Amino acid sequence: MRIVVQESPFDLGAETTGFAASQSNMGAIVTFTGVVRNNAAGTLEKMLIEHYPGMTEKALTAIAQEACTRWDLGDVLVIHRYGEMRPGEMIMMVATASKHRVHAFEAAEYLMDYLKSRAPFWKQEFTVDGADWVAAKEIDEEALKRW
Amino acid sequence: MDVVYFAWVRERIGLPKEHVETQAGTVVELVDELRAREERYALAFSDLSALRVAVDQELTEFDASLEGVREVAFFPPMTGG
Chain A
1 MRIVVQESPF DLGAETTGFA ASQSNMGAIV TFTGVVRNNA AGTLEKMLIE
51 HYPGMTEKAL TAIAQEACTR WDLGDVLVIH RYGEMRPGEM IMMVATASKH
101 RVHAFEAAEY LMDYLKSRAP FWKQEFTVDG ADWVAAKEID EEALKRW
Chain B
1 MDVVYFAWVR ERIGLPKEHV ETQAGTVVEL VDELRAREER YALAFSDLSA
51 LRVAVDQELT EFDASLEGVR EVAFFPPMTG G
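Here the protein sequences come in this chain order: A and B.
So the first sequence is residues 1 to 147, counted in this note's numbering.
So the second sequence is residues 1 to 81, counted in this note's numbering.
Just chain B, same shape as in the assembly (with noise of 0.2 Å):
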């Protein structure tokens, strides 16, 4: 599936989208696998707290299910207006 990253999340990741290969069942299951590679995820995702999650474009919760999913994006609290 595809993940991307906005705003400090991307510049954190050093990059805005890729292609990942995963078996995740939930949005913290890939979570744990990202930040499993390498420390720049770690620090990315480091408090959950202060992120925000959108699965095929739609803002959704931590433990929602992957099955079927092509884009997973993370992000921190929107600031628009």
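So here's chain A without its partners, still in its complex pose (with noise of 0.2 Å):
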């Protein structure tokens, strides 16, 4: 299991090869990878995500040993930036190595849901307009139900 909360970009091609290099007995590697993204009207100047340093990295081992317990994996990694991001960025990714691919995706599936909600990121979004805090979703809350 490898928990990494930095600010600096990630690369998703070496981490997911490295990722799935290390795994010689997994069958499944599934990857997720978060964005960016514009808003409808395209301006969005960036993003500041910030973060509870010692929390952060605590709650995230939970919720990956947590998926660990549930779920038949070989390993699982987590990476989460902070701090200032333009649209197109990568944002986080998880990945999950299993036996089976049920397993791999249900608990990336598990890992995303878990981590929206109980991580402590906070996204703040910057537009010519100012800046505005990205509320919490009721959907996101509720997608934590069916596990």
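What the hints contain is simulated information worked out from the structure, not anything from laboratory work.
On the chain B side, residues computed to face chain A include the following (Cβ under 7 Å):
hint	residue
1	8
2	57
3	79
4	80
A quick note: this is a predicted structure, and the numbers were derived from the prediction, not measured.
Glycine included, every Cβ here is placed at the ideal spot set by N, Cα and C.
Two chains, two frames, some hints: make the complex.
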């Protein structure tokens, strides 16, 4: 299990290749990548992600550990950035490895659902009109109930 | 204990962290003490359903005990991912 919280960009290709290469006995690798999306008007200048140093790493580790107890996983990787990002930049990625693809897919979805609502990150969007905190969505909280 | 604030809670209160001397037994009692201090606290804590709290970096409820606690954090619902 590897949990990384960093300000700098990450190399999706290198991370995915490295993660897959370390799994000699796994038949399935699933990766998800979160990207800064522009708004409907295309006016997003930047996104600023704030986090709670210390708690962030603990929360992500707990979520990843829980995934490992629920599914038959060879390994889990979570990388989440904080700080300033522009539209199109990668915010975060998760990767799961399992002997079976269903476990790898489900565990990746579980990680994403929990990470969105239980890991202490807050997004602030900057447009020409100023700065706005992104509100948590009801649907994200609802998504936790299926697990 | 240390009280820390994130996102718009930090902006409304105007600081990221402060040391608070308190006899509050629960998070709600601490919130009531802070609210009584100044308008900016009353504004930040006006709607607890819009807030989340962590005690010693563990997400918890507002009725949680503060016994032996070193750090309390207040913030809006998280938006990771």
